[in-house]
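Start from chain A and add chains B and C with the ligands according to the hints.
Residue numbers (our numbering), protein chains in the order written: chain A, 1 to 102; chain B, 1001 to 1254; chain C, 2001 to 2202.
No lab work stands behind these hints: they were computed from the structure. Beta carbons: idealized from backbone N, C-alpha and C, even for Gly. Treat each hint with caution, since some may be false.
From the structure, some residues in chain B lie toward chain A, with a derived Cβ separation under 7 Å [to be verified]:
(1) G1110
(2) Q1189
(3) E1247
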Amino acid sequence: MDEQLKLDGNAAAGSLGEVFPFEMTMAEVVCDHCASENFVGALMVYQPPMTLGTVVRCPGCDNVLMRVVHNSGHYWLEMRGARHLRIPDGSSVAAGEAAAEE
Amino acid sequence: MATQPRPAAQPGRLLWRVGEVFEVVEETPTTKSLVLSVPGWEGHKAGQHVDVRLTAEDGYQVQRSYSIASAPEDERLAITVDRIEDGEVSPYLTEDLMAGDGLELRGPIGGYFVWERGLGGPLLLVAGGSGVVPLMAMLRHRAASGSGAPAKLLFSSRSQEEVIYRDELERLAEADEKLEVVHTLTRSQPEGWEGYARRIDEEMLREVAPSPSEEPLTFICGPTPLVEATAAALVELGHDPAGVKTERFGPTGG
Amino acid sequence: MVEGFISRGFRGRRRQPNNAQLPPGQYETKGFPVLSAGPTPHVPLSEWDFTLVGEIDEAKRWSWEEFQALPSEEITKDIHCVTKWSKFGTRWGGVSVDTLLGNVETSAAYVTAFCDGGYTTNLPLEDVTGGKAWVAYAYDGEPLEPAHGGPARLLVPHLYFWKSAKWVRGLSLLSHDEPGFWESLGYHNYGDPWREQRYQGD
Ligand SMILES: Cc1cc2nc3c(=O)[nH]c(=O)nc-3n(C[C@H](O)[C@H](O)[C@H](O)COP(=O)(O)OP(=O)(O)OC[C@H]3O[C@@H](n4cnc5c(N)ncnc54)[C@H](O)[C@@H]3O)c2cc1C
Ligand SMILES: [Zn+2]
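Chain A with its partners taken away, still in its complex shape (with noise of 0.2 Å):
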């Protein structure tokens, strides 16, 4: 039952959304633990209801990349375990489809 609680990145595309002015499941992220790069899409996600905010992990070694809490008036977001992020700015539709067919 407890594994079935695993969702895929697209699933926190709302709650980055509220945080960043981008569509975040095409960015990509390096994580600090395991160096491996991904869109923010393959990570894997769990949320509420199933837990109290939105935690992205690794795929390749569940280090916990990005975590989001919306509460009280506030939007709270921890990134430590990811070593950068490569956002795409949306300026050219070309390059997103670009990295979608990789």
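Structure of chains B and C with the ligands alone, referenced to chain A:
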């Protein structure tokens, strides 16, 4: 005392807005499509979802994600919801909501689990239960945009009565020799059924899926266990993991 | 935010008004929802241990077998999850934290529970002593399932259930308070359900 200016509560384009239920369509005994009129909706891509939020009189709120079922070309936005017996949101959406009611939502959301005509094919779509919803948007878009990309849908349902979009899938496949729809019925089968009657497994995928050398664009969607088993089996069969995109619906959705 | 929008006829999960057993804002559930922020760890019992570390005279360690040999207790308590469900009369078996701390000399005022999978939660020492907290390895007379935190979880029923850390492996005794996994991200540092301390500032 000076107050700090507060930034806009919802940056970007992800605003909550109220759509109106235009029509409720029964798809199966437990599944309904909600056709919505959403003022100012600026379109979507096949595979994207919306977040739906329900608010009670006392302010209590819950929120869930639902894939968009309609093609970008369709006049109205549609979602298809399967009723989970002891669920909080899906019974409301499938039983209480009526034409004319308002429904708060935001979207379209997501850009990773998306197929557009320009991405070509061949397409391999694998669905369990309501996991067919975003894949149906892809098939509807494929048909409406005149894409000639070869496509296969492997669709697992419990019984024939529970096959979502059954008639429409049959019509689409009949009209299009490049589209093949393969069903597996896991719990009960109609008399004389010659199709698959078990859960999706490696052998079934070997028979149905294009070979890895054809480099299919693969989209798998449904309950988390089905998605995990299917993705693992495809990689085992030699498919490139980077070409396999997944959308887990969680414990339910099957 | 669409100001003032109400979903016609939506009530949410049934909420029982004026039940003195329910803390404010909670509803009763008969089920036992599984909450999880990550994959379930599967540590073989032969590799499992429970440790006390930090500001103590001497670190302590129990293997699974040694832990089972400690005096155990039967505990029946109501539990309250910050996601608003409460479950009445849950039955647990395990070792009181008083038993674990029995011969320990410490100047600590706080503990941080640490777990397989990396989860942590912080509590005042006085909230895990005096018969208020256990390390539970049985539920309803059966070994605790991995989904619910097995082989062993912390049980601190007087606080919101995120404090009852699943897959617990030890306690770190500290002189200063160190916010845990959710406490460092906007959830309340203490988490008393009767005072509805869900979020920072509540
Ligand atoms: C990206 C995405 C797209 C989706 N698209 C669709 C779609 O197109 N159509 C569709 O029908 N669904 C879709 N879903 C699933 C949908 O979001 C809901 O999860 C589903 O409708 C159930 O919601 P509910 O409120 O009715 O049930 P819930 O109240 O969430 O409960 C569901 C079931 O799980 C049990 N449960 C709840 N929480 C736990 C827990 N913590 N541990 C164990 N059991 C628990 C409940 O008892 C119940 O049996 C999608 C999900 C995602 C992530
Ligand atoms: Zn990693």
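Hint check results:
no.	hint	result
1	G1110	holds, 4 Å
2	Q1189	violated, 26 Å
3	E1247	holds, 6 Å
Going down the numbered hints, you'll see the structure goes against just number 2.
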